[in-house]
Amino acid sequence: MSGLAFEQPTGGFVFDNCRRNELLLSNGVLPGKIHKTGTTIAAITYKDGVVIAADSRCTSGTIIFDDNVLKIHRLSDNIYALGAGTAADCDFQTRLLESQLELLKLNQDRQVRVATAVRKIQQHLFRYQGHLGAYLIIVGVDVTGSHIATVHPHGSIAFLPFVASGSGGYTSLSVIEDRFKENMTEEEAKQLARDALYASTTTDLYSGSRINMYVLTKEKLDKFLPYEVVGVRSDKQNDYTLAKGTTQVLSTNVKKIEFDIVNEKVKTTTGTHEAMELA
Amino acid sequence: MSERYGFSLTTFSPSGKLVQIEYALNAVNAGSPAVGIKASNGVVLATEKKSKSLLHDDRTIHKVESVCKNMGLVYSGMGPDYRLLVQKARKLAQEYMLVYEENVPPTQLVKRIADVMQEYTQSGGVRPFGVSLLICGYDYDEDRPFLYQCDPSGSYFPWKATAIGRNFVNGKTFLEKRYSDQLALEDAVHTAILTLKESFEGQMTEDNIEIGICDKEGFRRLTPAEVKDYLAQIG
Chain A
1 MSGLAFEQPT GGFVFDNCRR NELLLSNGVL PGKIHKTGTT IAAITYKDGV
51 VIAADSRCTS GTIIFDDNVL KIHRLSDNIY ALGAGTAADC DFQTRLLESQ
101 LELLKLNQDR QVRVATAVRK IQQHLFRYQG HLGAYLIIVG VDVTGSHIAT
151 VHPHGSIAFL PFVASGSGGY TSLSVIEDRF KENMTEEEAK QLARDALYAS
201 TTTDLYSGSR INMYVLTKEK LDKFLPYEVV GVRSDKQNDY TLAKGTTQVL
251 STNVKKIEFD IVNEKVKTTT GTHEAMELA
Chain B
1 MSERYGFSLT TFSPSGKLVQ IEYALNAVNA GSPAVGIKAS NGVVLATEKK
51 SKSLLHDDRT IHKVESVCKN MGLVYSGMGP DYRLLVQKAR KLAQEYMLVY
101 EENVPPTQLV KRIADVMQEY TQSGGVRPFG VSLLICGYDY DEDRPFLYQC
151 DPSGSYFPWK ATAIGRNFVN GKTFLEKRYS DQLALEDAVH TAILTLKESF
201 EGQMTEDNIE IGICDKEGFR RLTPAEVKDY LAQIG
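Quick note, the sequences are listed as chains A and B, same order.
Residue 115 in our numbering sits at position 115 of the first sequence, and the numbers go up by one each step.
Residue 233 in our numbering sits at position 233 of the second sequence, and the numbers go up by one each step.
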């Protein structure tokens with residue numbers, strides 16, 4: 001119905017601008033620069049719940065665009081999502097899913113399950129046939145236990161005991177594969193997640209800055225923002241302040257600027273003051 | 001006389017009324033009583049929830065419903081119409097959240113819900129909602145609670161305290177005497193229960209009334225155990 005600022009277009013993508021874009025390209029207009037995020041995200045189950053960790057670097061080419069991005073998105077109190085791939089898609093799709101899960105929770109009158117969240121996002125992504133570049137890791141704790149699922153843009157999912165994704169995903173995964181065991185303690189799990197992320201943030205160009213970590217159990221959610229700062233900018237080695245006279249003055253040219261007085265206005269500042277109030 | 005113009009919603013009567021809306025208000029006034037009181041630090045909503053038969057198992061049907069984290073509703077009138085409005089209100093709250101990334105302020109949501117109710121008074125083939133809503137919420141920007149009433153016509157009123165449904169006149173008179181701006185939420189709950197008691201037939205127990213409170217923490221429905229405690233304090 002009218003009156004709402006937010007109006008969803010009817011279904012799928014609108015490809016109207018494709019022809020225009022082709023025309024622009026043929027005329028030599030360069031396309032906009034794509035901001036590749038590059039990411040490492042990882043999730044590990046342990047005895048009481050799940051540990052999730054993400055780096056915080058966003059790159060544009062070889063420049064760090066933003067070194068403090070939060071790649072952990074809330075879906076509900078007990079379910080979180082990690083996003084890799086197209087940043088906008090991750091942000092918006094998780095936000096949409098968060099709203100839908102909130103409605104579901106109110107209507108069902110019970111806590112939302114991880115499987116529900118995964119199913120909903122999977123079916124949504126499949127409709128877009130992979131054009132939504134969201135590589136998500138959905139984690140949560142519900143009545144059936146703690147779960148981790150990985151979701152790919154085309155809509156495929158996998159429920160796994162541990163998973164890592166993004167440009168630094170394989171590096172992290174190699175660390176986790178080596179040391180993962182069932183029913184770890186919280187400290188072991190946190191250390192493993194940290195080590196996995198540390199490996200990626202120090203080897204992958206596109207991951208780094210901070211390691212953000214959440215620990216989610218049935219009872220609590222611990223946020224570590226950050227758990228560790230990896231990309232610390234070191235102090236300058238030298239003093240680069242330049243002494244006056246370093247740049248030699250070769251010539252001086254003083255020019256008088258001609259101007260005309262257009263308007264003159266005189267205003268008195270001393271005038272009728274309000275007598276001070278003495279109670 | 002104006003009965004002659006009562007059949008079509010979209011036709012005014014000579015006296016300038018839309019008689020269908022008047023009749024909708026009649027439906028509301030025949031419904032079970034509901035009370036809303038705004039305290040200094042929160043709002044309380046209370047309603048009678050009598051089962052028609054001893055065989056009813058009413059534990060999962062609720063009259064006091066939450067719309068989002070900081071807002072709740074209760075009604076007087078037709079239950080099914082209320083159910084629909086609750087769904088619409090919840091969706092509107094989420095739509096706001098998606099656009100502004102903030103919990104919807106009570107004033108905004110009330111306006112949107114009232115607009116929905118107004119639509120049903122100016123469209124073809126529909127009838128007005130046979131409910132009046134009491135909407136409570138906490139506004140985090142202004143750091144204060146709000147209580148609103150929404151009528152079938154689409155008009156909404158902010159209240160300090162009000163009663164709707166059966167015997168609402170007596171309820172309001174009772175509240176006028178009892179209300180004060182310094183009321184705390186605890187006292188407001190007591191006052192709400194006493195107001196309901198004025199028009200209650202039979203023994204009031206934790207199973208035949210429902211209470212919801214909204215404060216800075218958010219909106220929640222009281223559990224039967226909590227309601228029992230309040231009733232015990234009143235005696």
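I should point out that these hints are in silico values taken from the structure, not numbers from a laboratory.
Here the structure is a predicted model, which means the values were calculated and not measured.
Note that CB positions come from ideal geometry on N, CA and C, so glycine has one too.
You may find that some hints are simply not true.
Ranges of calculated distance between the beta carbons of each label pair, as one might list FRET restraints [claimed, not checked]:
#  : chain 1 : residue 1 : chain 2 : residue 2 : range
1  : B       : ARG59     : A       : LYS47     : 32 to 38 angstroms
2  : A       : ASP195    : B       : ARG59     : 36 to 42 angstroms
3  : B       : SER40     : A       : ASP195    : 25 to 31 angstroms
4  : A       : ASP222    : B       : TYR140    : 22 to 28 angstroms
5  : B       : ASP229    : A       : ASP195    : 49 to 55 angstroms
6  : A       : LYS218    : B       : THR205    : 32 to 38 angstroms
7  : A       : SER234    : B       : GLN87     : 54 to 60 angstroms
8  : B       : SER40     : A       : HIS154    : 51 to 57 angstroms
9  : A       : GLU219    : B       : PRO224    : 22 to 28 angstroms
10 : A       : ARG119    : B       : LEU84     : 24 to 30 angstroms
Checked hints:
no.	hint	result
1	B:ARG59 - A:LYS47: 32 to 38 angstroms	35 angstroms, holds
2	A:ASP195 - B:ARG59: 36 to 42 angstroms	50 angstroms, violated
3	B:SER40 - A:ASP195: 25 to 31 angstroms	53 angstroms, violated
4	A:ASP222 - B:TYR140: 22 to 28 angstroms	25 angstroms, holds
5	B:ASP229 - A:ASP195: 49 to 55 angstroms	51 angstroms, holds
6	A:LYS218 - B:THR205: 32 to 38 angstroms	33 angstroms, holds
7	A:SER234 - B:GLN87: 54 to 60 angstroms	57 angstroms, holds
8	B:SER40 - A:HIS154: 51 to 57 angstroms	55 angstroms, holds
9	A:GLU219 - B:PRO224: 22 to 28 angstroms	25 angstroms, holds
10	A:ARG119 - B:LEU84: 24 to 30 angstroms	26 angstroms, holds
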